[in-house]
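Top to bottom, those sequences are chains A and B. Reading the first sequence from the start, the letters are residues 55 to 168 in the working numbering. Reading the second sequence from the start, the letters are residues 1373 to 1485 in the working numbering.
Any given hint could turn out to be false.
As the list claims (entries may be wrong) - Footprint (simulated), chain A over chain B, 3 or more residues, beta carbon under 8 Å:
1. 1392-1400
2. 1434-1448
As the list claims (entries may be wrong) - Computed cross-link-like contacts, DSS-like style, restricted to lysine-lysine with a CA-CA straight-line distance of at most 30 Å:
3. 108(A) with 155(A)
4. 125(A) with 155(A)
5. 1437(B) with 122(A)
6. 1379(B) with 122(A)
7. 165(A) with 125(A)
8. 59(A) with 165(A)
9. 1437(B) with 125(A)
10. 110(A) with 125(A)
11. 125(A) with 108(A)
As the list claims (entries may be wrong) - Chain A is faced by these chain B residues, among others (derived, beta-carbon under 8 Å):
12. 1460
13. 1481
14. 1483
15. 1484
By construction, these hints were calculated from the structure, which means they are not laboratory data. Don't be surprised by glycine CBs; every beta carbon is placed ideally from N, CA and C.
Residue-level listing of the chains:
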Amino acid sequence: DQQVKQNSPSLSVQEGRISILNCDYTNSMFDYFLWYKKYPAEGPTFLISISSIKDKNEDGRFTVFLNKSAKHLSLHIVPSQPGDSAVYFCAASASTSGTYKYIFGTGTRLKVLA
Amino acid sequence: SAVISQKPSRDICQRGTSLTIQCQVDSQVTMMFWYRQQPGQSLTLIATANQGSEATYESGFVIDKFPISRPNLTFSTLTVSNMSPEDSSIYLCSVVASLETQYFGPGTRLLVL
Chain A
55 DQQVKQNSPS
65 LSVQEGRISI
75 LNCDYTNSMF
85 DYFLWYKKYP
95 AEGPTFLISI
105 SSIKDKNEDG
115 RFTVFLNKSA
125 KHLSLHIVPS
135 QPGDSAVYFC
145 AASASTSGTY
155 KYIFGTGTRL
165 KVLA
Chain B
1373 SAVISQKPSR
1383 DICQRGTSLT
1393 IQCQVDSQVT
1403 MMFWYRQQPG
1413 QSLTLIATAN
1423 QGSEATYESG
1433 FVIDKFPISR
1443 PNLTFSTLTV
1453 SNMSPEDSSI
1463 YLCSVVASLE
1473 TQYFGPGTRL
1483 LVL
């Protein structure tokens, strides 16, 4: 049972446009969410996080939106740059578990076209 | 943020052998985890490396296959024992700075022939 899902395995966007990466989850106990970017042959790089007490968190070109009722979050990248081409993972955790363990989605490969 | 290094960065091993992967962090951290990313798949948690006690393994992973050591708050090792081609994967250690931040090492790319 995949508790965190990224239904789009790939996405192509023109440079300068907005990239929107989506993530859905099934466990209503999840209350912390992270987004990572991963280049080939490197470890995942932490991008941005959001807790369930918020519905939006912004950091530069990256904004994460959380819709708790829909159990859905999205990462917006504006404007998209060729260097953003990578695989993006969302991850979710339940703070009540006390374990700090995160469940990862399957990833979306973003390609930004110059 | 924490700076994490892993050794080796990659290795090619024969089936039936074992490989120990090291993870070093530049600061003391409480929570340290080991993940696996098989080709084309997501990151799967193997275990939580506990300092001074036995690691806590996730469903599907056992200590005999993936023994873990955590002698102090900055260092951990993961051994992949009696390897088979199915163990070919990227192995990653990660540390938790807070509920909202978790950092990963660069990974160890393992190929088992």
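### Query
Taking each numbered hint in turn, which are not upheld by the structure, reported in ascending numerical order?
1, 2, 5, 6, 9, 12, 14 and 15
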